[in-house]
Amino acid sequence: MAGDSWKLGAVELAAAIAGKKISCRQAAADALARIEALEPGLKALMRSCGDEALSRAAALDERLARGGQLGPLGGVPVVLKDNLCWAGHVTSCSSKILESYEAPYTATVVERLLAADAVVVGQSNMDEFAMGSSTENSAFQTTRNPWDVSRAPGGSSGGSAAAVAAGYAPLALGSDTGGSIRQPAGFCGIVGMKPTYGSVSRYGLVAFSSSLDQIGPLTRSVADAALFFQTIAGHDAKDSTSAKWQPGDVLSTVRAADVRGKRFGVPREYFIEGMEKPVEAAVRAAIARFKNLGGEIVEISLPHSGYAVAVYYIVATAECSSNLARYDGVHYGLSSREAGDLVGLYSRTRRAGFGAEVKRRIMLGTYALSAGYYDAYYLKALKVRALVKRDFDRAFEKCDYVLGPTSPTVPFKLGERIDDPLAMYLSDIFTISTNLAGLPGVSVPCAMVDGLPVGMQVIGRDFDDAGVLAAAAAFEKTADLAGRVAPAKAEVA
Amino acid sequence: MAEYEAVIGLEVHVQLNTKSKLFCGCSTAFGAEANTQTCPVCLGLPGVLPVLNRAAFEKSVRAALALDCEIAPFTKFDRKNYYYPDLPKNYQISQYDLPLSRNGRLAFEVAGHEKSVRIRRAHLEEDAGKLLHEDPRGSGRSLVDLNRTGTPLLEIVTEPDLSSAEEAVAYLMALKQLLKYVDVSDCEMQEGSMRCEPNVSVRPKGAKELGVKTEIKNLNSFRNVAAAIEYEIERHIKLLEAGQRVRQETMLWDADRGATAPMRSKEEAQDYRYFPEPDLPPFTMTAEETGRLRATLPELPAARRARFETALGLDAYSAGVLTAERPVADWYESVLSAGAPAPEAAKWVINDCLREREDRKLDFADFPVKPAELAALIGLVEKKTINPTIARQKLLPAMFETKRGAAELVKELGLAQVTDAGAISAAVEAAIAKNPKALADYRGGKAEAVMFLVGQVMRETKGKANAGAVRELLEKRLAELK
Chain A
19 MAGDSWKLGA
29 VELAAAIAGK
39 KISCRQAAAD
49 ALARIEALEP
59 GLKALMRSCG
69 DEALSRAAAL
79 DERLARGGQL
89 GPLGGVPVVL
99 KDNLCWAGHV
109 TSCSSKILES
119 YEAPYTATVV
129 ERLLAADAVV
139 VGQSNMDEFA
149 MGSSTENSAF
159 QTTRNPWDVS
169 RAPGGSSGGS
179 AAAVAAGYAP
189 LALGSDTGGS
199 IRQPAGFCGI
209 VGMKPTYGSV
219 SRYGLVAFSS
229 SLDQIGPLTR
239 SVADAALFFQ
249 TIAGHDAKDS
259 TSAKWQPGDV
269 LSTVRAADVR
279 GKRFGVPREY
289 FIEGMEKPVE
299 AAVRAAIARF
309 KNLGGEIVEI
319 SLPHSGYAVA
329 VYYIVATAEC
339 SSNLARYDGV
349 HYGLSSREAG
359 DLVGLYSRTR
369 RAGFGAEVKR
379 RIMLGTYALS
389 AGYYDAYYLK
399 ALKVRALVKR
409 DFDRAFEKCD
419 YVLGPTSPTV
429 PFKLGERIDD
439 PLAMYLSDIF
449 TISTNLAGLP
459 GVSVPCAMVD
469 GLPVGMQVIG
479 RDFDDAGVLA
489 AAAAFEKTAD
499 LAGRVAPAKA
509 EVA
Chain B
2 MAEYEAVIGL
12 EVHVQLNTKS
22 KLFCGCSTAF
32 GAEANTQTCP
42 VCLGLPGVLP
52 VLNRAAFEKS
62 VRAALALDCE
72 IAPFTKFDRK
82 NYYYPDLPKN
92 YQISQYDLPL
102 SRNGRLAFEV
112 AGHEKSVRIR
122 RAHLEEDAGK
132 LLHEDPRGSG
142 RSLVDLNRTG
152 TPLLEIVTEP
162 DLSSAEEAVA
172 YLMALKQLLK
182 YVDVSDCEMQ
192 EGSMRCEPNV
202 SVRPKGAKEL
212 GVKTEIKNLN
222 SFRNVAAAIE
232 YEIERHIKLL
242 EAGQRVRQET
252 MLWDADRGAT
262 APMRSKEEAQ
272 DYRYFPEPDL
282 PPFTMTAEET
292 GRLRATLPEL
302 PAARRARFET
312 ALGLDAYSAG
322 VLTAERPVAD
332 WYESVLSAGA
342 PAPEAAKWVI
352 NDCLREREDR
362 KLDFADFPVK
372 PAELAALIGL
382 VEKKTINPTI
392 ARQKLLPAMF
402 ETKRGAAELV
412 KELGLAQVTD
422 AGAISAAVEA
432 AIAKNPKALA
442 DYRGGKAEAV
452 MFLVGQVMRE
462 TKGKANAGAV
472 RELLEKRLAE
482 LK
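Chains as they are written, first to last, in the working numbering: chain A, 19 to 511; chain B, 2 to 483.
Since the hints were derived computationally from the structure, they do not count as laboratory data.
Backbone N, C-alpha and C fix where the C-beta goes; we use that ideal spot for every residue, glycine too.
Treat the hints with caution; some may be incorrect.
Chain B side only, calculated, beta carbon under 7 Å to chain A, not exhaustive [claimed, not checked]:
(1) Gly-45
(2) Arg-80
(3) Pro-86
(4) Pro-89
(5) Asn-91
(6) Phe-276
(7) Asp-280
Listed next, the in silico DSS-like pairs over lysine-lysine satisfying Cα-Cα at most 25 Å (straight line) [unchecked claim]:
(8) B/Lys-77 to A/Lys-256
(9) A/Lys-398 to B/Lys-77
(10) B/Lys-385 to A/Lys-401
(11) B/Lys-465 to B/Lys-385
With these hints in hand, go ahead and build the complete structure from the sequences.
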């Protein structure tokens with residue numbers, strides 16, 4: 019096992035460590051060796067934290083040697099998306115404006131996984147401030163898809179997805195505002211979960227769009243996602259939007275995975291013009307398998323789906339225009355302090371600190387909230403958002419889960435869409451509605467098309483996160499795609 | 002010259018006297034070293050989230066109830082977006098279209114008549130920090146102190162119901178009295194815990210249409226509020242008289258020059274881009290919760306003043322003075338509870354205790370003389386154990402000095418009134434014998450001679466004799482000698 023422990027899932031690895039079949043230090047060293055070998059080709063991480071990981075692992079081993087116990091993630095390597103604050107560490111959001119910003123406090127989710135004795139091995143690359151669907155909007159580097167390094171890993175949590183797919187760690191945290199966990203999980207052939215809004219604390223997640231952001235796991239199996247989710251979820255008094263709710267034993271629910279008698283809704287709006295035919299065929303075939311599992315397939319309609327992208331790009335940009343106002347060069351982060359007045363300091367700092375996509379969204383959002391436009395854009399968007407939510411409420415009268423594709427395409431080539439924001443925005447067409455409605459959604463690998471992964475999405479009712487994971491797990495057993503590590507061939511096309 | 006009338010509305014911000022800030026646990030204490038009362042949340046660092054201080058919300062509701070406002074059953078926070086270095090998030094969490102309360106009123110007296118002002122709304126928001134444009138260490142740079150950032154502010158907006166500077170100040174004083182009564186704010190304009198931005202317009206007397214208004218900022222005392230309003234009224238009238246128009250703009254008061262000047266228009270051309278604060282879910286106030294908070298309100302100053310007049314039989318002036326501040330009224334009522342008669346106790350509190358408070362810089366919340374001891378003093382005077390002059394000049398000061406009881410001090414200092422007829426009689430005889438001129442004056446028909454002799458007897462007895470008894474005895478004796 020030594021040397022190969024990076025192949026293990028989190029559940030197995032934690033058990034092996036608890037059973038003293040492998041040490042925490044060995045697990046960390048294996049992960050770090052894997053990172054060292056592949057990172058030059060993949061560029062999934064903003065920074066790895068080798069020394070700290072090894073010394074933390076050694077401390078955990080010592081505790082075990084003294085007869086102590088480890089937490090549920092004891093010794094398991096994890097990767098953090100670089101928008102999660104971790105005291106004493108740079109949290110850059112892959113933006114120049116926070117390039118050397120060191121967080122003075124730790125996000126609740128990071129505290130919880132450290133309390134569960136996980137070992138952080140790296141912080142992952144992302145689209146700047148989580149704005150993007152390919153990780154090409156990082157101010158520093160382009161992450162490559164470990165299944166085909168000429169292709170995008172998806173985004174914005176593309177670094178986390180690539181890291182897990184390539185075996186850097188069995189677990190990574192991502193954040194999902196419109197699909198930023200599920201779409202890269204689909205592109206990288208792994209499991210990605212966007213939990214119910216309010217089930218996981220956002221305290222310490224650098225905000226993009228507060229009413230849509232949610233932190234969730236990226237893993238190579240549904241069971242690992244369940245373990246990770248139950249570790250980080252549950253009420254947090256530091257987040258006023260956090261629900262007074264506890265996840266319970268999600269892992270057991272997932273292990274029992276049984277979908278007999280459950281009704282699975284397939285929205286007719288989710289198989290659209292322009293969808294890649296092999297992707298559509300793969301997802302339809304996957305859906306049919308739920309019938310074999312004892313489920314019932316029902317056709318449903320989500321009539322306002324067509325407006326979701328438009329609504330999203332008003333709500334998310336409006337909120338981000340306000341959330342990102344604090345990066346002004348006055349208090350912390352990049353500061354362009356050459357001579358000049360206050361407005362000059364603001365504009366120079368922000369011009370130099372933000373990339374094109376972030377600027378575009380700040381401008382869009384500022385416009386949508388401006389006097390004279392508020393009613394036509396922001397207020398209208400809020401109303402349509404309520405209709406999107408109502409579509410799901412009605413659908414869940416007819417079914418227990420909604421199934422559909424995660425993305426309309428297989429991973430696209432790097433550079434292919436970066437100059438066409440509208441085409442890029444459509445990457446998230448199937449995932450955005452879930453954020454608008456606050457619902458839990460999981461992307462689970464359902465097929466390989468020409469050597470490239472295709473993901474299927476399972477969406478459930480509010481706070482039925484365990485049910486969504488169980489449905490995904492039931493499917494996972496039929497697909498023989500779980501636990502695979504991508505080849506991550508380092509040659510660049 | 003046409004006659005004009007002024008139309009004035011006031012926007013007042015008061016800092017709530019909560020221990021901690023509105024959205025984090027930092028202290029709100031005034032005067033700490035710069036930037037020592039901060040945390041990631043009030044510094045607006047990346048990733049932080051606000052959590053509402055329930056005590057601040059409840060204080061706001063109590064203030065709104067005291068102002069007779071309707072409490073919204075459903076309320077929310079909004080973001081007010083603008084860039085300024087004292088606002089680290091570059092947005093202020095405030096309330097826009099669904100404030101926690103609306104439609105109140107405050108009645109007060111001004112120049113002998115009752116005035117009632119409608120309150121448009123009262124809402125809760127966070128305060129900004131402070132900019133120091135001159136670095137005391139002489140770096141030539143501006144400095145930012147974020148200790149105040151996130152302190153809860155209640156914004157109270159009136160309808161334009163006021164018509165003079167005098168009324169505006171009377172309103173502010175009534176508001177301050179009320180908010181101190183309900184223990185919501187200290188309302189110290191100098192410390193910035195009460196801030197006032199009047200808006201002023203004028204129109205020909207009796208006109209229906211409102212004139213163009215200007216808003217005045219930078220007022221740090223009631224006196225400046227009055228002076229600035231008067232200045233603006235004059236300025237508007239002069240413009241109108243000259244056939245010019247008033248520009249709608251924000252004026253800054255310059256207390257040194259005693260004049261207003263327009264703020265740079267760049268600073269006021271703001272589009273705040275309000276939108277609902279996504280980090281704080283809207284919340285509801287049930288009638289039960291409102292009722293529970295209403296039950297915590299003390300008797301308000303107007304009602305208390307009326308009761309002091311009707312139930313206690315005090316004159317309007319005394320009732321006003323005694324109810325001006327809640328600790329004074331509370332202390333006074335404790336004196337009554339200890340058995341003192343209301344009018345007599347009122348005199349002692351107003352004439353003596355309030356003066357002692359001034360002279361000795363005391364606080365009624367921790368007064369060295371306990372209410373029961375003042376009641377005891379009043380009882381000793383009533384029973385003629387001591388005379389009122391001795392009580393006022395010797396006993397009460399001794400009580401302030403020593404914090405000891407009245408009866409104990411009377412005994413110890415030998416202040417008891419001399420009522421022994423023999424002793425008084427001897428003193429009378431001695432006084433007449435020592436002052437033959439007074440006797441001669443008396444005989445010559447000068448009535449003042451009696452008062453002179455009374456004084457001599459009182460001096461002889463160190464003031465402890467009963468002055469009435471002395472006079473009676475003297476007159477009797479002088480008549481015999483005539």
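A quick look at each hint next to the structure:
no., hint, verdict
1, Gly-45, "5 Å, holds"
2, Arg-80, "5 Å, holds"
3, Pro-86, "5 Å, holds"
4, Pro-89, "5 Å, holds"
5, Asn-91, "4 Å, holds"
6, Phe-276, "5 Å, holds"
7, Asp-280, "5 Å, holds"
8, B/Lys-77 to A/Lys-256, "18 Å, holds"
9, A/Lys-398 to B/Lys-77, "19 Å, holds"
10, B/Lys-385 to A/Lys-401, "81 Å, violated"
11, B/Lys-465 to B/Lys-385, "10 Å, holds"
When the structure is compared with the earlier hints, a violation turns up for hint 10 alone.
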